[in-house]
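Chemist: Residue numbers (the working numbering), protein chains in the order written: chain B, 1 to 312; chain U, 1 to 312.
None of these hints come from the bench; they were simulated from the model.
One or more hints might be untrue.
Quick list of in silico lysine-lysine cross-link-like pairs, DSBU-like style, CA-CA up to 30 Å [to be verified]:
(1) B/LYS275 / U/LYS32
(2) B/LYS173 / U/LYS173
(3) U/LYS233 / B/LYS173
(4) U/LYS233 / U/LYS286
(5) B/LYS233 / B/LYS286
(6) U/LYS173 / B/LYS286
(7) U/LYS32 / U/LYS4
(8) B/LYS173 / U/LYS4
(9) B/LYS233 / B/LYS173
(10) B/LYS275 / U/LYS173
(11) B/LYS173 / B/LYS275
(12) U/LYS15 / U/LYS46
(13) B/LYS233 / U/LYS173
(14) U/LYS173 / B/LYS277
(15) B/LYS32 / B/LYS46
(16) B/LYS4 / B/LYS15
(17) B/LYS173 / U/LYS32
(18) B/LYS173 / B/LYS15
(19) U/LYS46 / U/LYS4
(20) U/LYS173 / U/LYS277
Protein chains: 2
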Amino acid sequence: MDNKVYAIADVGGTKILLLLVGPDQNVILRQKLPTPPEATPELVVKVIEVALSRALQEVAVSPQSLAGLGVCIAALLDFEGGVIYEAPNLDWHEPIPFRDLLQRRFSCPVYLENDTNAAILGEVTYGAARGHRDAAYITISTGIGAGLYLDGRIYRGSGGFAGEIGHFKRFGKGRRCGCGGSDCLESWASGEGIARSGRMLWDESDPSIGPLNTAAVFDWAEEGDILAGSIIKQAVEDIGISLANLATLLNPSCMVIGGGVARHRPALVGQIREKMKHFAVAPVIKVSPLEVVAAQLEPEAGAWGMHAMMCR
Amino acid sequence: MDNKVYAIADVGGTKILLLLVGPDQNVILRQKLPTPPEATPELVVKVIEVALSRALQEVAVSPQSLAGLGVCIAALLDFEGGVIYEAPNLDWHEPIPFRDLLQRRFSCPVYLENDTNAAILGEVTYGAARGHRDAAYITISTGIGAGLYLDGRIYRGSGGFAGEIGHFKRFGKGRRCGCGGSDCLESWASGEGIARSGRMLWDESDPSIGPLNTAAVFDWAEEGDILAGSIIKQAVEDIGISLANLATLLNPSCMVIGGGVARHRPALVGQIREKMKHFAVAPVIKVSPLEVVAAQLEPEAGAWGMHAMMCR
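Next comes chain B alone, as it looks inside the complex:
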């Protein structure tokens, strides 16, 4: 048993999840804070510092007794150097020594990790992928991304940027992606991609239509609308092909599907599994078992991954 107290922050585009975890994985405190609009890195650090010191006071834990602070974030970042290169949700596009900014405010060791890398470690350690040595976590959310756990450890790639499956190509025809490229998987099949497809077909300024978000397209598809249904069907096929290609290249034994869209539409995992198995290389699938399962720790998979990283 681990007697220490760990602090964890999962920094998202709209909110920051704060956890204080004590001995035996006991959650001492769980808090959600809004991410300040147009937040600079310094402001995010300040929010974490203030919220954490208040939280520690609240639960009567001294800051000195903190064994570690783990922060995960949706960003292209270099784990070794603790530098964030791109955080699209926060509109950060220049290199930021984010771990150093945090470390200056905290005396305990600070860990900074990409959110999907943290999520696969969380799911492998405490969740849906326990016991697997080769597994991937795929988030289907505003964007699409993956975290890889290969040969029993997080795989980050040479620059720390592995897992950018949302930018697999080539899907659909002629849609620009936020990355600067065209026809990336996530420009069509992510929550935002599905909403964009809806806005191409319907006019949201029409009061009988209403706001054209991901939920609306899913709802209409479930109500039997043929156009909405074809948007969802195509998104499922595109994700299925991408996961088939991941399986064909990496031969994992488990894929964990998480993220907001998957969490709110539980039927998706089964539909994606079916397409994935259809497109993955048959002779391998035949002899090498591959589970495709829903995430178990959502929306805290990343936070628990940071916990696993710190108490190893």
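Let chain B serve as the given structure and place chain U on it in line with the hints.
Modeler: Just chain U, lined up with the frame of chain B:
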């Protein structure tokens, strides 16, 4: 310096390459044997045994002084168990305990590895990818396959079947692949895929056309034939997209391109590099260097990989 003598066999569909390597990577003997037609696993083992014992006699090395035998082969195989599941070039489709069959005939340790896994280890140890911790070897030959070297070691996947990039989907429309699926990368862009595309356009029974093989399509494209040119252009684009997806998922620092087609058409590597960089995720490519280079050890990359594996 390593004082030992190692024996290596690279078993292909048409020939078997035999190497005897002595101290200081000195090649004592290099031999090519035809693979017997319709060779059973037992027959291939027999060929290796007889050829090797003759070779050892020839160079006056006693079989007892052999430090290891390394065999690589184009097959879906399980490294740990030494079992071959599929070797399409040899028409083997049932599980074969191939390493055990070999081990019964040799008193030295026997290693059995997939040929592209061996090739990336060879290129990382002695060739074009020296110094890289995250690299991929891609063979463009009759088929297309990859060997992965991730975080400083061969990555094999949960069942041992990683690297099947030739079965990435979805390319072209409606072409069956030998794997049982449709529209795999290699059904269009491999040497055999290019020849198939040629046979769809021209009639090889016409004496003015002649045999429609990969070389013919490349030659006509180089002579300015527009149809042949479009077949090659499409193959380059399909391979470029597939390598872009590999780079987007794994963020390696080096990709080594080998195989017979690449070796005979040296302009290919540059063309593939250009397409790959066009389709790979831009923010990563911008900050994380990625070399795309021709293999240096061809056609012996696999053999040298087995050498590296044995003398580690």
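Chemist: Would you mind marking each hint as holding or not holding in the structure?
Modeler: Here is what the structure says about each hint:
1. Of the supplied pair hints, the one linking B/LYS275 and U/LYS32 is violated, its CA atoms being roughly 44 Å apart against a limit of 30 Å.
2. Note on B/LYS173 and U/LYS173: the hinted pairing holds, with a Cα-Cα distance of about 16 Å set against a maximum of 30 Å.
3. Of the supplied pair hints, the one linking U/LYS233 and B/LYS173 holds, its CA atoms being roughly 19 Å apart against a limit of 30 Å.
4. Under the criterion of a C-alpha separation no larger than 30 Å, the hint pairing U/LYS233 with U/LYS286 is consistent with the structure, at around 26 Å.
5. Annotation: proposed proximity of B/LYS233 to B/LYS286 holds, straight-line Cα distance about 26 Å (limit 30 Å).
6. Simply put, U/LYS173 and B/LYS286 have alpha-carbon atoms about 24 Å apart, close enough for the 30 Å limit, and the pair holds.
7. Of the pairs offered as hints, the one joining U/LYS32 and U/LYS4 holds, with about 22 Å between alpha carbons and a cut-off of 30 Å not exceeded.
8. A hinted pair counts as satisfied when its Cα atoms are at most 30 Å apart, and B/LYS173 with U/LYS4 does not qualify at roughly 58 Å.
9. Between the alpha carbons of B/LYS233 and B/LYS173 the distance comes to roughly 16 Å, so the proposed pair stays at or under 30 Å and holds.
10. Restraint check for B/LYS275 and U/LYS173: the C-alpha separation of about 17 Å stays at or below 30 Å, so the hint holds.
11. Using a Cα cut-off of 30 Å, the hinted pair B/LYS173 and B/LYS275 holds, with the two alpha carbons roughly 21 Å apart.
12. Under the criterion of a C-alpha separation no larger than 30 Å, the hint pairing U/LYS15 with U/LYS46 is consistent with the structure, at around 14 Å.
13. Straight-line distance between C-alpha atoms of B/LYS233 and U/LYS173 comes to about 19 Å, which keeps the hinted pair within the 30 Å bound.
14. Taking the CA atoms of U/LYS173 and B/LYS277, the gap is about 19 Å. The hint holds against a cut of 30 Å.
15. Proposed proximity of B/LYS32 and B/LYS46 is supported: the alpha carbons are some 15 Å apart, at most 30 Å.
16. Restraint check for B/LYS4 and B/LYS15: the C-alpha separation of about 26 Å stays at or below 30 Å, so the hint holds.
17. Pair hint B/LYS173 plus U/LYS32 does not hold up; C-alpha atoms about 49 Å apart against a cutoff of 30 Å.
18. A C-alpha spacing of about 33 Å is found between B/LYS173 and B/LYS15, which places the hinted pair above 30 Å, so the restraint is violated.
19. Proposed proximity of U/LYS46 and U/LYS4 is supported: the alpha carbons are some 24 Å apart, at most 30 Å.
20. With a C-alpha separation of about 25 Å, the suggested pair U/LYS173 and U/LYS277 falls inside the 30 Å cut-off, and the hint holds.
Comparing the model with each numbered hint stated earlier shows that hints 1, 8, 17 and 18 do not hold.
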